[in-house]
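With the hints as constraints, model all of the structure from the sequences given.
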Amino acid sequence: MSCTPTAIRRLVLEEAKRAHVGHIGSALSVADVLAVLYSDVLKIADPGDPDRDRFILSKGHAALALYAALHLRGWLTRQQLTTYCGDDSHLGVHPENALRGVDFSTGSLGQGLSMGVGAALAARMQKSARRVYVLVSDAECNEGSLWEAVMFAAHHKLANLIVIVDANNQQALARTSEVLDINPLAARWRAFNWRAEEVDGHDPPGLKAALTTDSSQPKVIIAKTLCGKGVDYMEGQVKWHYWPMSPDEYASAVRQLAQAEQPA
Amino acid sequence: MRKQFLTALIELARKDPRIAFLTADLGYTVVETFRDAFPGRFFNVGVAEQNMLGIATGLAEAGLVPFVYSIGTFATARAYEFIRNGPLLHQLPVRIVGVGSGFEYGTAGFTHHVLEDVGLMSLHAGMTVITPADAKQSVAALNATANNKQPIYFRLGKDETYEVPGLNALFTEGRAQLLRDGKEILFIALGTMAREVAAAAEILSRQGVDVGILLISCVQPLPARDLQAILPKYRHAITVEAHTLTAGIGAMVGSFIAENAIPCRLTRCAVRKIPDGVSGSERFMLQRHGLDAESLARLAGSLHAEMPRT
Numbered sequence: 001m002s003c004t005p006t007a008i009r010r011l012v013l014e015e016a017k018r019a020h021v022g023h024i025g026s027a028l029s030v031a032d033v034l035a036v037l038y039s040d041v042l043k044i045a046d047p048g049d050p051d052r053d054r055f056i057l058s059k060g061h062a063a064l065a066l067y068a069a070l071h072l073r074g075w076l077t078r079q080q081l082t083t084y085c086g087d088d089s090h091l092g093v094h095p096e097n098a099l100r101g102v103d104f105s106t107g108s109l110g111q112g113l114s115m116g117v118g119a120a121l122a123a124r125m126q127k128s129a130r131r132v133y134v135l136v137s138d139a140e141c142n143e144g145s146l147w148e149a150v151m152f153a154a155h156h157k158l159a160n161l162i163v164i165v166d167a168n169n170q171q172a173l174a175r176t177s178e179v180l181d182i183n184p185l186a187a188r189w190r191a192f193n194w195r196a197e198e199v200d201g202h203d204p205p206g207l208k209a210a211l212t213t214d215s216s217q218p219k220v221i222i223a224k225t226l227c228g229k230g231v232d233y234m235e236g237q238v239k240w241h242y243w244p245m246s247p248d249e250y251a252s253a254v255r256q257l258a259q260a261e262q263p264a
Numbered sequence: 265m266r267k268q269f270l271t272a273l274i275e276l277a278r279k280d281p282r283i284a285f286l287t288a289d290l291g292y293t294v295v296e297t298f299r300d301a302f303p304g305r306f307f308n309v310g311v312a313e314q315n316m317l318g319i320a321t322g323l324a325e326a327g328l329v330p331f332v333y334s335i336g337t338f339a340t341a342r343a344y345e346f347i348r349n350g351p352l353l354h355q356l357p358v359r360i361v362g363v364g365s366g367f368e369y370g371t372a373g374f375t376h377h378v379l380e381d382v383g384l385m386s387l388h389a390g391m392t393v394i395t396p397a398d399a400k401q402s403v404a405a406l407n408a409t410a411n412n413k414q415p416i417y418f419r420l421g422k423d424e425t426y427e428v429p430g431l432n433a434l435f436t437e438g439r440a441q442l443l444r445d446g447k448e449i450l451f452i453a454l455g456t457m458a459r460e461v462a463a464a465a466e467i468l469s470r471q472g473v474d475v476g477i478l479l480i481s482c483v484q485p486l487p488a489r490d491l492q493a494i495l496p497k498y499r500h501a502i503t504v505e506a507h508t509l510t511a512g513i514g515a516m517v518g519s520f521i522a523e524n525a526i527p528c529r530l531t532r533c534a535v536r537k538i539p540d541g542v543s544g545s546e547r548f549m550l551q552r553h554g555l556d557a558e559s560l561a562r563l564a565g566s567l568h569a570e571m572p573r574t
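Protein chains in written order, with the working numbering: chain A, 1 to 264; chain B, 265 to 574.
No wet-lab data here; the hints were simulated from the structure. C-beta atoms are modelled at their ideal positions from N, C-alpha and C, and glycine is treated no differently. Take these hints with a grain of salt, some might be off.
To be verified - Facing chain B, according to a computed beta carbon distance under 10 Å, are these residues of chain A, among others:
| no. | residue |
| --- | --- |
| 1 | Ser39 |
| 2 | Gln111 |
| 3 | Leu113 |
| 4 | Val117 |
| 5 | Gly118 |
| 6 | Ala120 |
| 7 | Leu121 |
| 8 | Gln126 |
Encoded structure:
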């Protein structure tokens, strides 16, 4: 199975429909980033290898996209995936470290980067070349604790730490720029002595290039994305941060994915 | 207690390369010894306690054993959600070292009084909670738990020289220490309150009242076997803690007595007042909350006088 953005999106829609749960927009927003990470960037021989690269989905509410990527990499069975949001499952709305392939439990925003800083520091202390990738949301930059971690990483020049901001300008109640404006976002990270790059978060080659370029500083990639990307009625709509799909909406979404896959 | 704990930690770190030390910019004249011995394993994270706990989680996931250090309330209450979702949820061997047991930072005021840490750290199973009574016991506790795979909270006091009579540096996880046998009344002291309780017992002894003393220096796992064995021998237990009433050993011992139908009355000496901004020396604060030796002796003396003779 190939870990492509469309494959991730299809699984996200299927499982969100089956479980009748939301956070679909967030999962679709990060599908390209996760596809690039899990197909081309993360060096993981096996999820149990202590010297694997680490990935932290700090915006834990996009976990369904992570489960899809883990399945497409062969670390999670289709049967396991169907336990999403079921009883007695490790596949909840937010990812749990008890599940093979999930490096850290997340769900409370503003915590993943601190853990990522620790993971990157540990790699340095253990003289390992492994890297740590942390995916945060743009609204997560509201959390003061995130900036504590940002300062520590810059002070200690943790060049093995790469952050991706899923900059979809959308949060639970409104647009990020309306709730608590975090712009100019790249300039803020640069002011904290990070290397910052802005890229199209739905352009896999551009993402891959940004994720794999070496840097002597910790690096942030501001991935400009659309919440709900790939499904026209979801794109940029605040409702789809939380909402589940009706049968008609599901049929329409799946149709749109299939059309997008056909060669032009 | 801090300096001896650090000295012992340095010894441990010589043998165990997994040990690292993080401070949130506290521990002047205390933590430098570790920094000088192991500069590559020492990090001052700055004034950022929650980040410190997140970093420790990341370090521990990679196989390290990080000790994080701050004043007790900052290390626990400020960082609580990072502890809950980090070392606790992941069950990683992070060691949280909180300094200033109860009112030890007396004149620094309420923001620095460590009054709810034991309750917070005991809220979930899966966190070992240790409250040493003196410096030697803190060293014993450190060594006894070196291979514990769970997160641990150490509530450290600041006194370096006092030794609890009869303790002899004993520490065992899940056990309490009976420091003194007595009749009818048993003091149960949390950690460093053993000092006030021991002094109260001396006062009472001069008055012809012979009380027992049980020390709880491992709150979680609760020393159930010792409580079950010792409580039935007494008619009245008095828990003593420089900690809030609702979440400390008074609450835990009370639940234990009720659940096990032990015929022993309980009086809880703890912090009951609404925070009001009044501060002063540790001695003054203990007196103000009825936790000093004289107050405790008066309380036990009156309970003893009121007991029906059998």
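To see whether the hints hold, each was checked on the structure:
1. Ser39: 24 Å, violated
2. Gln111: 6 Å, holds
3. Leu113: OK, holds: Leu113 of chain A within 10 Å of chain B, min 7 Å.
4. Val117: With a closest approach of 5 Å, the Val117 of chain A hint holds.
5. Gly118: 2 Å, holds
6. Ala120: 7 Å, holds
7. Leu121: 6 Å, holds
8. Gln126: 7 Å, holds
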